[in-house]
Structure formats: structure tokens, C-alpha cells
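Participant: One-letter residues, chain by chain:
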Amino acid sequence: MDVDLIFKIAGLGILISILNKVLIQSGREEQAQMITLVGVVIVLLVVIQLIGKLFDSVKTMFNFY
Amino acid sequence: MEILNIVGIGVVAAILVVILKEERPEIAVQVSIIVGIMIFIIMINKILSVISILESLSRRANIDLVYFSTILRIIGIAYITEFGAQICHDSGSESIASKIEFAGKIVIMVLSIPIIIALLEMILKIVP
Numbered sequence: 001m002d003v004d005l006i007f008k009i010a011g012l013g014i015l016i017s018i019l020n021k022v023l024i025q026s027g028r029e030e031q032a033q034m035i036t037l038v039g040v041v042i043v044l045l046v047v048i049q050l051i052g053k054l055f056d057s058v059k060t061m062f063n064f065y
Numbered sequence: 066m067e068i069l070n071i072v073g074i075g076v077v078a079a080i081l082v083v084i085l086k087e088e089r090p091e092i093a094v095q096v097s098i099i100v101g102i103m104i105f106i107i108m109i110n111k112i113l114s115v116i117s118i119l120e121s122l123s124r125r126a127n128i129d130l131v132y133f134s135t136i137l138r139i140i141g142i143a144y145i146t147e148f149g150a151q152i153c154h155d156s157g158s159e160s161i162a163s164k165i166e167f168a169g170k171i172v173i174m175v176l177s178i179p180i181i182i183a184l185l186e187m188i189l190k191i192v193p
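Protein sequence lines, in the order shown, are assigned to chains A and B.
Heads up, the first sequence is in our numbering, so the first residue is 1 and it goes up one at a time.
Heads up, the second sequence is in our numbering, so the first residue is 66 and it goes up one at a time.
Some chain A residues judged to face chain B by a derived CB distance under 7 Å, without partners named:
| hint | residue |
| --- | --- |
| 1 | V3 |
| 2 | L5 |
| 3 | I6 |
| 4 | A10 |
| 5 | G13 |
| 6 | V43 |
| 7 | V47 |
| 8 | L50 |
| 9 | L54 |
| 10 | V58 |
Derived from the structure by calculation, the hints contain no laboratory data.
Here the structure is a predicted model, which is why all the values come from computation and not from measurement.
Idealized CB from N, CA, C, for every residue including glycine.
Using the sequences provided together with the hints, build the complete structure.
Facilitator: See below:
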């Protein structure tokens, strides 16, 4: 578990916003929308894995079974 | 000194969230979720040692282990509920946050019913 993940996600966010602006400037609003959606989904995949890990560790730590 | 790590991670992540919030608010929320989970994972070892010390103390005091595990479970539910409610609160949906807190309160109430019953029976035994 390291800090890299935070930087990765934040960098992804900045990259997506830049791509979004470029695509909107060149007049492709639909593709900008798709880029936004894909970014959210990619980040969500990472975040959901982490949330699952958190729930597992809380479950074992606090005797949820 | 884990506290320095945690404060560093928190400050850096807060700055990143401020940067991301104007353009991509959804990714800002996810960054804050990741930071919360990371801080919890850093603290896991300490929490485990505290829990084992409390468990040995309760064993030495001859307290029934059911009560101890119930209390632990309540602490865990409170933590998870607070975590989810704070995330919803941060991302602006206050009503979902208050509903998560409501559900957590109900679950804690259900878990603590056996302890309340035991307490009431003890009182009934003492008072004839």
C-alpha cells in the first residue's frame, strides 16, 4: 500500500480533464463525454478493489463473522 | 512515526482534491475515498495490537467473550457507517449520508439488544 495510487488517480483526473478540453475545443463533444465516462470507470475499478480490501480487513478485525 | 506519513498523505491529497474539484469532482471524491482507506490500512497493525490487549484484559477480568465481541462489532459498524456517511457528505448528497447513519444506528441497536436483555435480567434478579 503506497502513496503512488493517490498520485496515479489524481494524474488520471488531470489527464482526463485536459483531454476533455482538447476534444471539446476540436468540436467532438460526444467523444469528450465518452472519455469522461471511461476515466470514471477506470478509477472506480481501482477504488472498488480498495473498498473490498477495507471491508475484508474490518470484517476480520472486528469479528463480524 | 506513522503520524508524519499520515499527515503528509492527508495534506498532499487535500491539495490534489482541491486541484481536481473544479474540473472532475467525481475523481476528487474517489481520491478522498482512497486516502481514507490508505490511512486506515496504515493504522491496522496498531488497532490490532490494541484489540488484542483489550481482549487479554477482558479475559483476565472473566468477562464473557460474547460481550467483548459484540462491542468490537459495534465499533466496526460505527467505523464503516461513519466512513460511508462522510463520503456521501463530502460528495454533496446529505440525504444519503443521513440515511446511512440511520441504518448504522438501527444495526447497532439490534446488536446491542442481547446486552440490554442481560442487563435487565440482572436487575430483575437483584430486585425481587
